[in-house]
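With chain F fixed as given, assemble chain Z onto it according to the hints.
One-letter residues, chain by chain:
2 protein chains.
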Amino acid sequence: MITITLPDNSQKQFPEGVTSYQVAESISKRLAEAVLAAKVNDEVWDLNRPIAADAKLKLLKWDEDEGKMAFWHSSAHLMAEALEFFYPGIKFGIGPPVENGFYYDVDTGDRVISTEDLGKIEEKMKDLARQNNGYVRKDISKKDALEYFQKKGDEYKTELIGELEDGKITLYTQGNFIDLCRGPHLPNTGFIKAIKLLNVAGAYWRGDESRKQLTRIYGITFPQQKLLDDYLKMLEEAKKRDHRKIGRELKLFTFDDDVGSGLPLWLPRGGAIIDQLEKLARITETRAGYVRVRTPHIAKESMYRTSGHLPYYADSMFPPMELEGGKYYLKAMNCPHHHKIYLSLNPSYRDLPLRLAEYGTCYRYEKSGELFGLMRVRSLQMNDAHIYCTRQQFASEFRAVNDLYLNYFKIFGIDKYVMRFSTHHPSNLGKKYVDMPELWIETENMVRKVLVESNIPFKEVSDEAAFYGPKIDVQVWSAIGKEFTLATNQVDFAQPVRFGLSYINKNNQADTPICIHRAPLGTHERFIGFLIEHYAGNFPAWLAPDQAIVLPISEKHNERASTISAFLNNSDIRTFIDGSDNKIGKKIRDAELMKIPYMLIIGDKEAAGNSVAVRKHGAGDIGIMSVEDFTDKLKEEERIVFNR
Amino acid sequence: MITITLPDNSQKQFPEGVTSYQVAESISKRLAEAVLAAKVNDEVWDLNRPIAADAKLKLLKWDEDEGKMAFWHSSAHLMAEALEFFYPGIKFGIGPPVENGFYYDVDTGDRVISTEDLGKIEEKMKDLARQNNGYVRKDISKKDALEYFQKKGDEYKTELIGELEDGKITLYTQGNFIDLCRGPHLPNTGFIKAIKLLNVAGAYWRGDESRKQLTRIYGITFPQQKLLDDYLKMLEEAKKRDHRKIGRELKLFTFDDDVGSGLPLWLPRGGAIIDQLEKLARITETRAGYVRVRTPHIAKESMYRTSGHLPYYADSMFPPMELEGGKYYLKAMNCPHHHKIYLSLNPSYRDLPLRLAEYGTCYRYEKSGELFGLMRVRSLQMNDAHIYCTRQQFASEFRAVNDLYLNYFKIFGIDKYVMRFSTHHPSNLGKKYVDMPELWIETENMVRKVLVESNIPFKEVSDEAAFYGPKIDVQVWSAIGKEFTLATNQVDFAQPVRFGLSYINKNNQADTPICIHRAPLGTHERFIGFLIEHYAGNFPAWLAPDQAIVLPISEKHNERASTISAFLNNSDIRTFIDGSDNKIGKKIRDAELMKIPYMLIIGDKEAAGNSVAVRKHGAGDIGIMSVEDFTDKLKEEERIVFNR
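Same order as they appear, the protein sequences are chains F and Z.
For what it's worth, the working numbering labels the leading residue of the first sequence as 58, then goes sequentially.
For what it's worth, the working numbering labels the leading residue of the second sequence as 58, then goes sequentially.
Isolated chain F (complex conformation) (with noise of 0.2 Å):
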């Protein structure tokens, strides 16, 4: 018999060989149908792969991000089935999972896939679902796995084989379809019960542009038909919703080739937007004991050896600058010159928690082909502060951080949210980690206290930390449901050694501050995305790049008109006139394409007394006001947001 300890530490016996799925069986049979794969001491298994010694087991259902992968896994094995049905002497590339669904990169010959021809496989992939074939794992020699891919004809297995270590090399069958795989997968394929391919595009093997391009087809599945169809669903107002569109329609920003990829312009719609976020954090972080200080877009190559940026993260920083027999670079993060200002201010233990907030521009090297409107790009403006402190404050700071986060979520509607707090594991300290074992667990249990005193959601990942210390994710859903990874909140014992910060402690004695990176709004490029997304381009008023637009019915209200203009713009409202020769329901019908929030309507009634006929976006008429009125109403939305 063996000992099977499940997550809540309860403890079974079970004969040598069990499989996972039997002891989901042995617990419920509802369990059992749901679970879809298994980890066995912290590696993902086949449900139903024997068990041989003792071992601590965690059933992975669907609201599992390892229960979905092994899924999605299935999925595109299953869709190379299909593909092979229709395409015989096909060759597969590699067709992993990822964050929504699957893609398999195959070679077709000559033959072309388009999306038209996605229905007919998608059919074949039901077909072959409601077979309920068994995924069926076999070791094999390299040797062995050589021959069988050479024979077929598959030179992308083989070269992949080629790199593979004799022993470790598995095949996956299911129905008529053999593949190279690690796995783990689905019991069968009768799991998948919902599919959809959603598109076709290129793809150079192994993202090599050197070599060939690949046939790339994704798609997604589900365990029931009504998650797929909500999905679509999503997908489609995603759609409607998409940044790039609205921000073209609003005139919020836009690239020019002359300028460079990935490095927005914003316009002066999406400039008052930007200058509106920062005026909400400036409040927010003055009042919360932040400092503001500014730092130049560049440094010499020496600051970036000292932070160890350079070589390790040299990819992703833009190339050097020769200059006086030097090299300057663009920074790609604030930190380095944080650290730097800190040691000019030379801190005693009485000024510290010292919190460093700068709306710095860092610059990223991203390939190309994976820029994406805002949510990819390579500058990015960050809300970026680093807070040094104590160990005996980082509790206290750690906690300000998470409720200035919760604050955020609030004052912009974010109702779904999920920190994904990373964690260190101990056989890797010294290497995947920096050696302090103390450190990590004092600060990790803090960070964890906090985390469920706040009543915060939040997902532990054990092993994944950065190398310094342990972070936080924040992943939040938007309105519409679609997941972005919005900021992250760093713990820090390293930089602040190899940039030989310290302090003189109440002792006397030197000390070493923790250091906090943290970035609650993230990038204004990434946050204004989700923002689009968010509220589909309609902006709260206090947010909106135009508050409210002025509009005469005819010409002989332009004076009026010009008069509440000025008024409104010198109260510091954000507001214009339609001053064209359109009639007042023309006006109206553009004023609301653009999701103006209030429209003021100057007749000959308004234009004899003080007052004016306003019209909420999306609301129709709220009634007649004077302009005073109406200019305290948007005082105090924004009061309410600042002083929230």
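Calculated from the structure, these hints are not laboratory results.
Nothing here was measured: the structure is a model prediction, and the numbers come from that model.
Some hints could be false.
Any copy will do: because identical chains look the same in the list, a pair fits if it lies in one copy or spans two.
[What the hints assert, rightly or not] DSS-like, lysine-lysine: derived pairs with alpha carbons at most 27 Å apart: (1) Lys308 x Lys563; (2) Lys269 x Lys209; (3) Lys643 x Lys563; (4) Lys225 x Lys96; (5) Lys563 x Lys613; (6) Lys357 x Lys308; (7) Lys473 x Lys336.
Using the frame of chain F, we list chain Z on its own:
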């Protein structure tokens, strides 16, 4: 007889060969005594050089830059004569007048000139000045000139002569000294009444580090002793107010070798000043109808080819980054990026004027040796904006920009300023200036009219405009009378054409806008450098890094101090507590040294109630008031500035 036309267009007849001095004498004895040189047909001449034909004549006194230049140029020759007396065989490089005084670069062989030697040289110069020796001009052939200086053994002068055109070479002699020189000079040494040699430095021959290092001696002279006394007093005061010294003491900014020369890191206290300046500029500009954009700090080579900055401005730019087979440059100016935004907005006449503002950080390459504190840097945060307007809108836009300048001068207490208005010269159209004669005349007339009507002191300088349009350099004087060039204001006809900027005019035709480049607050670096000296670090409360410091008298008042500090902080007042164990006297002294505008002292009485004892920096106690009243007082000080 010839006709002499004076600046007021009056004309007078004189015999051929009359000198400017004689003309001056014919007007008044007093004028003749004050005049230093003369401008004859746009060229500056010696006073005693005969005029052979009809000419325009402007007599130059000390209050004209060109008068001062002749004065200091002659003083350099006088110093050279004294040097040759003490150091026979001394060789001379160049000895020009500069902004404040003059220098001469000399080679004394193995003899060393140090500051201790300056006294005796000064005395000798005074002797020679009293001899009233005339400066005598003589035309000389290239051959004879070479022969003279070869015989004298001065290889520097022979090198210079070698590069001159025969027939255009002149020598000047005064007393025992002969120099190769174009002139012009004073009539005689007697004009030089007050002399001060300032310092000694090294300087490479022709600025070339591979060539010999010469000794550069700086001096300044005046036509009256009082002017020299005032100047030296100002220098003394300027030394105390040195922005580098105060910047260090008040912890405003720092430099770091790992970041790079000329790249200031703004510490929190400097960052606070920047933030307040930006707040002022934002409010002012928003109310003046500007909109704000954001652009990256880099762009591709092609953009700077279009703008013409490459190749013409390449030496002032940072070297390129080579990426994906192309070149990226750090921006040295914001205009090309703004032009791209204009293109993207594609405005019609209804959208003009379009005023795009950005606090864009630019990077310019300055040689290490030329860097100086915040005054000469490599990173420049500019209060930049570009106004695109029609020809009809130009005058009112230009006037509005001027009003902005005047408003800022009032806010910062800048009482003395001059606008240097540089215009084109018709003879250089198509060569030095873009060939649009009408537009030059039209815009220059409009600018001149606005300057006159606004009662702004200005100096018009012909033939010194930018290639693309007339420009204005703004010179201001600090509280102690030191001159700074802070900002420029340029009209641009050329760039809009190069970038293909256009708008659809009322007649439905494409037209080209005029562009105004303006930066009334210059760069943060230079402007704050100026303000540090101007205020001697005693920033007004609205601008000061910290507005108030809370000083608990003893430890038992710390809690009350915290409450007060938190209240002020939540009211967005920049404040902190002196939480040290020091006695109150020491706390006050420390706060005075940091030049913090207000000190709030908390003792038993204050801790019991809601009041604070307020002490004003440099002024002492100003009474006891409630925390709310103090807050209102500060808010009112700020309101006055921002609503001016």
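Each hint, compared with the structure:
{"no.": "1", "hint": "Lys308 x Lys563", "verdict": "between (55 Å within a copy, 24 Å between copies)"}
{"no.": "2", "hint": "Lys269 x Lys209", "verdict": "within (19 Å within a copy, 77 Å between copies)"}
{"no.": "3", "hint": "Lys643 x Lys563", "verdict": "between (70 Å within a copy, 21 Å between copies)"}
{"no.": "4", "hint": "Lys225 x Lys96", "verdict": "within (19 Å within a copy, 93 Å between copies)"}
{"no.": "5", "hint": "Lys563 x Lys613", "verdict": "between (74 Å within a copy, 20 Å between copies)"}
{"no.": "6", "hint": "Lys357 x Lys308", "verdict": "between (37 Å within a copy, 23 Å between copies)"}
{"no.": "7", "hint": "Lys473 x Lys336", "verdict": "within (25 Å within a copy, 35 Å between copies)"}
Figure legend: structure checked against the earlier numbered hints; every hint is met.
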